Amino acid sequence: MTDKTQFHTLSNGLSVHLKEIHTAPIISSWVWYKVGSRNEFRGKTGISHWVEHMQFKGTEKYPAGYLDREISRVGGIWNAMTYLDWTTYFETLPAHIFDLSLSLESDRMVNSKFNTQEVELERMVIISEREGNENQPHFLLGEAVQSAAFSKHPYRYEVIGLKEDLESITCDDLVQHYWHYYHPGNAVVAIAGDFDAESMLEKVESLYGDLPKGEEPDVTVPVEASMESEKRVNVTGPGQTSYVQIAYRAPSASNLDFFALTVLDSLLTGPSSLNMFGSGGTSNKTSRLYRALVEGEISVSCYGALQATHDPYLYSINLTVHPSHTPEKVLNAVDDEVKRVLDSPVTADEIARAIKQAKALFAYSSENISNQAFWLGYTDMFADYDWFENYVNHLARVTSDDVLRIARSYLTPDNRVVGFYTPEES
Amino acid sequence: MNQTIYDEHRNALPGPDDITRVKLPNGITVLARSNFNSPTLSIKGYLPSGSLFDPDEKLGLGYLTANGLMTGTAQYDFQSLYNEIESVGARLGFSSGTLTTSFSAHCLSEDLNLMLDLIAGSLRSPVFPEKEFNRQKTQMLTGLAIRAQDTASMAALLFDKIVYAGHPYERPEEGYVETVQSIEREDLIHFYERTFGPEGLTIAIVGAVDPDTTVAAVKATLGDWTNEDQETLPELTFLKSIQKTTKKALSIPGKSQADIVMGCQAPERLSPDYFPLRIGNNILGEFGMMGRLGQRVREEAGLAYYAYSSLNSSLGPGAWEMIAGINPRNINQTIALITEEIRRFVTEPVSEEELSDSKSNFLGRMPLLLESNGGVAVSLLNIERFELGLDYFLQYPQLIQAVTADKILRTSQKYLDPDRLAIAIAGP
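Protein chains in written order, with our numbering: chain A, 1 to 426; chain B, 1001 to 1428.
Treat the hints as calculated values from the structure; they're not laboratory data.
Predicted, not measured: the structure shown is a model, and the values here were computed from it.
It is possible that some hints are incorrect.
Straight-line C-alpha distance at most 30 Å; calculated DSSO-like pairs for lysine-lysine [stated by the list, open to error]:
(1) B:K1359 <-> B:K1161
(2) A:K163 <-> A:K285
(3) A:K359 <-> A:K4
(4) A:K285 <-> B:K1407
(5) A:K4 <-> A:K152
(6) B:K1161 <-> A:K339
(7) A:K329 <-> A:K34
(8) B:K1244 <-> B:K1137
(9) B:K1161 <-> A:K285
(10) B:K1359 <-> A:K61
(11) A:K152 <-> A:K163
(12) B:K1161 <-> B:K1248
(13) B:K1137 <-> B:K1161
(14) B:K1240 <-> B:K1131
(15) A:K359 <-> A:K339
(16) A:K285 <-> B:K1131
(17) A:K113 <-> A:K213
(18) A:K213 <-> A:K285
(19) B:K1407 <-> A:K329
(20) B:K1414 <-> B:K1247
(21) A:K356 <-> B:K1219
(22) A:K57 <-> B:K1359
(23) A:K329 <-> B:K1137
(24) A:K339 <-> A:K329
(25) A:K213 <-> A:K57
(26) A:K34 <-> A:K163
(27) B:K1248 <-> B:K1414
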């Protein structure tokens, strides 16, 4: 037994991360693939997410429905997610039944079935999923802003994909995508929970060790040039409520500027957890934008979103417009607050507070074994595990000068897309 | 059935040996359980105040009152109160339902006293500042405007109108635009004074603090709270059964997807019918990828991203709901498929295999449900609210094992009739 996290690489290139946690008789395992909407292009957008759906259609060894039943029978949970840079599959199970997870994931890494009829049914399901998203003004606005923010980089597309692409992608396309990205050399297996690391590694080796390494995927992603001027997008739709999204081009997670922007975001819109499984978080009532805009009754809510990504993505400020104001007024008020950051230095106390908040959010995420296993592999998708371990230290090194520099570099009108959603009636 | 898993994990489950339960002289019940695996605490609780007290013309009053508790207290104004919470990365919020007003906090264990102080201040001395009240009201009205555009919320609202017709549960706790508009600050003060008090308040604290410290901290902050004017909740009225299938549809133009909620009335949580229906529901629309409904509507027909069922049983009458989000052109086909599954469910007993799988799921998932402090705190509150007994988790396997396929069939037939359904649709 060891308290340390172990990192191994099998001869076929599979990265294996193991962490013993003996607080509950549970093991959580995540398999991460370096493929997401970042690896897509026009005509095939949404294909990574669709492949993820097809991974639940079974293999020769485990027909569709078999695993769902086996995992549910023991009270386990399993699911999958696709995002900009990655696709991940996880199972959290009672420890004694955990071998099932290893067997299943190693099997579907290379043996998934792609049946034409199943593909057609899933096409309808995914289009239905997209239509559910389209019901939400935030999705419609976000999709338009994302598209305007990038001209070449695939980050310009929503993960779910464009509807016309979802209507035209074929079974062969899905198979090609699967074979291209699903192999040990492009994957990370991260396991945390109640096990002995040495014997767990042996099991992983016995199940994954013989899988062919696969070819290094061709991931030539177009580099996006800097923005030269502000862009505006206007979306209209049903309802009585207006929304504003201000999206600035942001640094990638591996850029040290990311940490100063995290602190700046915390000051402007409140601290956010990077954790994807609930557990924690705090409110943002004392953040600068809440005080100025929500208490000032210009907007009725505000929140910031900064994503840890492989390539430079977006930092967005999202606001629901107060019924007696206009989106333009909201934008001006946000600009006034950004200007205040530029005009008067952020104090050391404010930064210290942001660090304490970040530490607390990290403590909450350690309550849950699924979360710990999540972190064990997640950061490899855009950096490495050191990124996670040094996260709080990096934040602690941020100075008020850094925050000022970041605000000057990133939060400028020339570096942003402003999106307004306004009701059709108005 | 997977009894072994349950037995193996039994010591990790809350029980009489490690749950501390103390009743304070002023009517407050404190439940505490230690967990030193992480330096955090979950604090959750409720008291018997809710929208059941709301007059029809001011529906939303209880909801707005709960929202207003943290807008200012005798000790803190809005900003200083949230500054205390956010400076330590904690979270605290109040919310209101029909029968209860609830609170939930998450903090580092070192901040126990601070959080209890803030909870007690919000409960005992809210001042509902005029400016904050007006802002909260505008936020609530905006929330109602957003709700009016949400197909899932509006279908759920319509469903409640049918299934709880003539009963207080047909009313949404958030009210309607016109009822919220009529609420004044004085209404909140009056509502607070007559419905908030220590009687019936239950608080559960789980995490890295020993129970004696927990109980002492609650006593210190809430032990001397009294309110002689605190009213008890009005009696729930009788709910008439549904006589025939009733369908209501709401058009929300411009939307891409429609939502359907269909189903029937259900028993209260303490009814002997609860467990057969709970397991029956699991088979119908929960187990694995949304049970039989998920298999039929999503996997076989490809009609929906989600199609599942949910049994809502608490105090008073409940509801058994079948829910799907679909393309508007598939509404009739989806309703027909779900109705077919309902007909099958009340005609044939579930298979022994399905029953065994479902029972195993109910036992096996306990360690996961109770992994976090928040999960344990919720369970402790349920144990208290429904008087399940501190040994509930020890009795749990017997309650599950007692369910048979025949009981599921007979019990389902009492409530679920494919020819007497409530059906609500909201979409373009």
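Structure-based check of all given hints:
For the hint linking B:K1359 to B:K1161, the alpha-carbon distance of about 33 Å lies beyond 30 Å, and the restraint is violated. With a C-alpha separation of about 38 Å, the suggested pair A:K163 and A:K285 falls outside the 30 Å cut-off, and the hint is violated. Taken as a hint, the A:K359 and A:K4 pair is honoured in the structure, with Cα atoms around 20 Å apart against an allowance of 30 Å. Restraint check for A:K285 and B:K1407: the C-alpha separation of about 51 Å exceeds 30 Å, so the hint is violated.
Distance restraint check for A:K4 and A:K152: the Cα-Cα separation of roughly 42 Å exceeds the 30 Å cut-off, and the hinted pair is therefore not satisfied. Only pairs whose Cα atoms come within 30 Å are accepted, and B:K1161 paired with A:K339 is rejected, the gap being roughly 50 Å. A threshold of 30 Å between alpha carbons decides the hint, and for A:K329 with A:K34 the separation of about 41 Å lies outside it, so the pair is violated. The hinted pair formed by B:K1244 and B:K1137 fails the criterion: a straight-line CA distance of about 39 Å is larger than 30 Å.
In summary, the hint linking B:K1161 to A:K285 is not supported, as the alpha carbons are separated by about 35 Å, beyond the 30 Å threshold. Restraint check for B:K1359 and A:K61: satisfied, since their Cα atoms lie roughly 26 Å apart, inside the 30 Å limit. Taking the CA atoms of A:K152 and A:K163, the gap is near 19 Å; set against the 30 Å cutoff, the hint holds. Proposed proximity of B:K1161 and B:K1248 is supported: the alpha carbons are some 9 Å apart, at most 30 Å.
Of the supplied pair hints, the one linking B:K1137 and B:K1161 holds, its CA atoms being roughly 24 Å apart against a limit of 30 Å. Only pairs whose Cα atoms come within 30 Å are accepted, and B:K1240 paired with B:K1131 is rejected, the gap being roughly 43 Å. Between A:K359 and A:K339 the alpha-carbon distance is near 28 Å, which keeps this suggested pair within the 30 Å criterion. Using a Cα cut-off of 30 Å, the hinted pair A:K285 and B:K1131 holds, with the two alpha carbons roughly 15 Å apart.
A distance of roughly 20 Å separates the Cα atoms of A:K113 and A:K213; the hinted pair therefore holds under the 30 Å criterion. Taken as a hint, the A:K213 and A:K285 pair is broken in the structure, with Cα atoms around 50 Å apart against an allowance of 30 Å. Restraint check: the Cα-Cα separation between B:K1407 and A:K329 comes to about 62 Å, which exceeds 30 Å; the hinted pair is violated. Distance restraint check for B:K1414 and B:K1247: the Cα-Cα separation of roughly 21 Å lies within the 30 Å cut-off, and the hinted pair is therefore satisfied.
Proximity of A:K356 to B:K1219 is assessed by CA-CA distance (about 29 Å); at most 30 Å being required, the pair is judged to hold. A C-alpha spacing of about 25 Å is found between A:K57 and B:K1359, which places the hinted pair at or below 30 Å, so the restraint holds. With a CA separation close to 21 Å, the supplied pair A:K329 and B:K1137 stays within the 30 Å bound. The hinted pair formed by A:K339 and A:K329 meets the criterion: a straight-line CA distance of about 15 Å does not exceed 30 Å.
Taken as a hint, the A:K213 and A:K57 pair is honoured in the structure, with Cα atoms around 24 Å apart against an allowance of 30 Å. For a cut-off of 30 Å, the pair hint linking A:K34 to A:K163 stands: about 24 Å separates their Cα positions. Proximity of B:K1248 to B:K1414 is assessed by CA-CA distance (about 23 Å); at most 30 Å being required, the pair is judged to hold.
When each numbered hint is compared with the structure, violations occur for hints 1, 2, 4, 5, 6, 7, 8, 9, 14, 18 and 19.
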